[in-house]
Amino acid sequence: MNKKRTTDYTGVISREDIVYQVIVNVLLILLSLAAILPFLLILSSSLTDDYVLTRFGYNFFPRAFSAYAYEFVFSRNGAYVLHSAWLTLLVTIIGTSLSLLIAPLLAYPLSRRDFKYARFFTFLVFFTMLFNGGIVPSYIMWSQVFHVKNTIWALIFPGMLFNGFFIILYKNYFATNIHPSLIEAARIDGAGEWQIYFRIVLPLSLPILATIGLMVGLGYWNNWTNGLYYITDQKLFTLQQLLKNIIENIRALADIAGGSFPVSEIPSNSVRMAMAVIGIVPIMILYPFFQNAFIAGIAIGGVKE
Amino acid sequence: MKKLAKTEGRFPAYLLALPLALASFACLLLPFVHYKYKAKVYQANGSAFLMGRDICGGTFRLTPHVLVWIAFAAALLCVLVAIFISRKNRVLGSKLLCAFSGLGLVCLVIFSASTGTMIPAAKSVGSSYGVYVCILTLILQFALALYEMREVGLVNSLFFMMLPGLLYLLINNYIPMFGLFIAFKKIDYTKGLWRSDWVGFDNFKYLFHTKDAWIITRNTLLYNFAFIILGLLTGLIVGLALNEVFSRKLQKFYQTTILLPQLISIIIVTYIVFAFLGNDVGLLTTLLGDKAQNFYATPKYWPFILTFVHLWKGLGYNAVIFLSSICGIDKNLYDAAKVDGATKWQQLLHVTLPQLKPTIVTLFLLQCGRIFYSDFGLFYEVPLHAGALANITETIDTYVYKALMVSSNISTSSAAGAFQAVVGFLLVVTVNRIVKKVDEENALF
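Chains as they are written, first to last, in the working numbering: chain A, 1 to 305; chain Y, 1001 to 1445.
Please keep in mind that the hints were generated in silico from the structure rather than gathered at the bench.
Glycine included, C-beta positions come from ideal geometry on N, C-alpha and C.
Everything hinted at is true.
Label-pair distances were calculated between CB atoms; the ranges are:
(1) Y:Phe-1011 x A:Gly-190: 17 to 27 Å
(2) A:Ala-210 x Y:Phe-1225: 28 to 38 Å
(3) Y:Ala-1121 x A:Phe-123: 42 to 52 Å
(4) A:Asn-292 x Y:Ala-1113: 44 to 54 Å
(5) Y:Thr-1343 x A:Tyr-68: 57 to 67 Å
(6) Y:Ser-1247 x A:Ile-93: 34 to 44 Å
(7) Y:Ile-1434 x A:Val-281: 42 to 52 Å
(8) Y:Leu-1426 x A:Leu-40: 41 to 51 Å
Please construct the entire structure, taking both the sequences and the accompanying hints into account.
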């Protein structure tokens, strides 16, 4: 986003500029705090003794430090939590790879001016952005015709692979960044269409692949509705679905351990927050590495709000 | 530049389709359906459906399934005709081959998917292996037809590249569109989807006679109006503020931080809201002390809570969009304003805002086009679907979900879903017309 500045500070810095800087920075510092503090609340609460939490509630500062919640989760449910994190990662990787394989392949011909069906198929893609059948018909189709219930495919296919908007974004990128003369030159050298696509078009399109790939990957990692609709088998709970069940009822933790311990034994207040931390940490660790692609994705409108 | 390639001397793929077509016919002798009738299990082969005499002792009636079967058999015959035409005219022949093998395939898939309700007099009806063998031969014929179309130059590799993506769109987007007919039926699971009775607009009448329809429409619209206006306003302010920051490193830092909430799932947001408002333990609840009440049982706060949460999560998103739009403003305009002695405030009022007007208008209209849709997670999960809050947090999306999955009331659910789909579509089209008038470039289509 650091392209051009609209404000020019090369001249003399006036009093007015200084006042503006102070106002703007104070505002943004406050907003940044508003964005970060809730996460700190979760973190510090997860590290507070459960009895103290029950008595005094959640707080930004641990009154009595204790890592018992994590010990509890990892000793009783560790294998299960890791299993569901692994499953989420697997679904994310498979889904994103499939998406990156199939979606640009659909978009590329649409970007070619010499492809005579381009207009018709672009409309077909575009129409899916305007109108949809809603959740009831798709739920019935995926569960009764394709029988995806309680299979890993339920987490990968329904509504997740790509949407019409991504195709349009790919198409526009190809149309503006891959010059027709490049394709023509490759053809004269004897390259076929598939060769042109994989050897020339794809390597030149890495920025858009990274941006949309990130959006799709984040979508898979954060997705919980497919689990809500299609998964009842505990072995196929993703991290988000597990987290959802636990916030609704702490009993879910006892259930997944086979009900081998009574619910009253769970230090529920701190364990809840510890689970939230487990859900947040992976994405926070990776954020610095993908932040540029993420911001670029928002700027082109690729992130759903 | 596309000319039909010379067909002579090219491999006549259509000849391979002949044995396959004959194999499809042979499949009619294999068992297509198995069913239980008077405590005995029977098999019916593929050709039995025309007469129906030996099915259930002749009690089989002409149903839509038989029409599908007839269409399938007719398509098989037409494939043979197409192969013969190919000998004289390969271009036309390949088109026909493609069309009819595709038609046959679709008919047979519908046939096999609906066997469960096919024979009313029998019990536990299901498809037998003959259907699947026949589907396989038809898939091969369809593939051959595509290959043949490529050989004669009707389609090229570009077409084949699109196939997997188009298949996904067909399944994921187009088939459910046709599934909207469910809203006009009274679904009875014992009869199945196809045989359930048509009831016209009864489901809609029922939906709109309840108070629910009014409540969910009102909630969806009001929340969305608040979200759109406040979201654009805060986004605009923060975008302007970000642009003013002198240090680039700081600008980057603020931007990255404010975007954090955009990154996490609504489930994590639920945890965060719970950490603040949870009964007895939430930070805000304990701070309020004796005055505190159970937030999850007090509806009056939730419009504000949900709006706040939505703004908190979406702030970075709108800010980044406005920032990138501000970066696109011509710098010369500011220089000219400065020469004229404009203060920063005047520059904002007379340069930045007028330049941003198209962005603001377009974003506003586009979001209005989606005003019938709501963030399911925000309204369902964040209030922890507490019953006491239902009136104030129920939107069309949560209503459809609950009717479908919790109370198994497909009729109401599909009616509400169809209402949303159709009104949503009309809104998008209308809004696009307005955008086109305001700002041609930003129109969707």
